[in-house]
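**Student:** Between the sequences and the hints, there should be enough to build the whole structure, so can you do that?
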Amino acid sequence: YQGRGSVVDPSAAIAQYFQTGVAPRIMYSNPELDATLAAERQEFDPEKRKKLLLKAFNIIQDEVPAFFLWRINQYYGISKKIDFTPTSTDRMFGFDITVK
Numbered sequence: 006y007q008g009r010g011s012v013v014d015p016s017a018a019i020a021q022y023f024q025t026g027v028a029p030r031i032m033y034s035n036p037e038l039d040a041t042l043a044a045e046r047q048e049f050d051p052e053k054r055k056k057l058l059l060k061a062f063n064i065i066q067d068e069v070p071a072f073f074l075w076r077i078n079q080y081y082g083i084s085k086k087i088d089f090t091p092t093s094t095d096r097m098f099g100f101d102i103t104v105k
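Its first residue numbered 6, the sequence shown is counted upward by one per residue in our numbering.
The reader is advised that the hints may include incorrect statements.
[To be verified] Lysine to aspartate or glutamate pairs mimicking DMTMM-like chemistry, simulated, CA-CA at most 25 Å apart:
(1) 86 <-> 68
(2) 56 <-> 14
(3) 60 <-> 39
(4) 60 <-> 50
(5) 53 <-> 68
(6) 105 <-> 95
(7) 56 <-> 37
(8) 53 <-> 39
(9) 56 <-> 68
(10) 53 <-> 67
(11) 86 <-> 67
(12) 53 <-> 14
(13) 55 <-> 67
(14) 60 <-> 48
(15) 60 <-> 14
(16) 85 <-> 68
(17) 60 <-> 88
(18) 55 <-> 39
(19) 85 <-> 95
(20) 53 <-> 37
(21) 55 <-> 68
(22) 56 <-> 39
(23) 55 <-> 14
(24) 55 <-> 95
(25) 85 <-> 67
(26) 86 <-> 101
FYI, nobody ran anything at the bench for these hints, they're computed from the structure.
**Tutor:** Okay, structure coming up:
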C-alpha cells in the first residue's frame, strides 16, 4: 500500500496521489473519484466508508493513472536472543532492538 505499512486508513495516501489538485505527482484528474473521496472523508459508518473506498480503488484500477514499479522489501524474524517491543505505529528502528 504505497510504502506506508504503518498507515491504517488509506484516505490520505489515495488523495495525495489521485485527488485533483492535491499534488502534481501524476497530473491525474477524475471528478467522479474526487466526489467519491470527498464523500468517503465525510462518512463515519465503517461499512459505508469501505464501499466508497472500494469504489475509489475500482476507478483507479480501471483508469490506471499511475503504475508503481518499486516496493520496499521488509524482512521480519523471530528470535529469543533479541529484545524488542513493537509499537502501535508498526515502525521498527534498529536502536530499539537489543541483544539479550
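**Student:** If a hint holds in the structure, say so; if it doesn't, say that too.
**Tutor:** Quick rundown of the hints versus the structure:
| no. | hint | verdict |
| --- | --- | --- |
| 1 | 86 <-> 68 | 49 Å, violated |
| 2 | 56 <-> 14 | 14 Å, holds |
| 3 | 60 <-> 39 | 11 Å, holds |
| 4 | 60 <-> 50 | 15 Å, holds |
| 5 | 53 <-> 68 | 23 Å, holds |
| 6 | 105 <-> 95 | 22 Å, holds |
| 7 | 56 <-> 37 | 14 Å, holds |
| 8 | 53 <-> 39 | 17 Å, holds |
| 9 | 56 <-> 68 | 18 Å, holds |
| 10 | 53 <-> 67 | 21 Å, holds |
| 11 | 86 <-> 67 | 48 Å, violated |
| 12 | 53 <-> 14 | 14 Å, holds |
| 13 | 55 <-> 67 | 18 Å, holds |
| 14 | 60 <-> 48 | 14 Å, holds |
| 15 | 60 <-> 14 | 15 Å, holds |
| 16 | 85 <-> 68 | 48 Å, violated |
| 17 | 60 <-> 88 | 43 Å, violated |
| 18 | 55 <-> 39 | 16 Å, holds |
| 19 | 85 <-> 95 | 20 Å, holds |
| 20 | 53 <-> 37 | 17 Å, holds |
| 21 | 55 <-> 68 | 20 Å, holds |
| 22 | 56 <-> 39 | 15 Å, holds |
| 23 | 55 <-> 14 | 10 Å, holds |
| 24 | 55 <-> 95 | 22 Å, holds |
| 25 | 85 <-> 67 | 46 Å, violated |
| 26 | 86 <-> 101 | 14 Å, holds |
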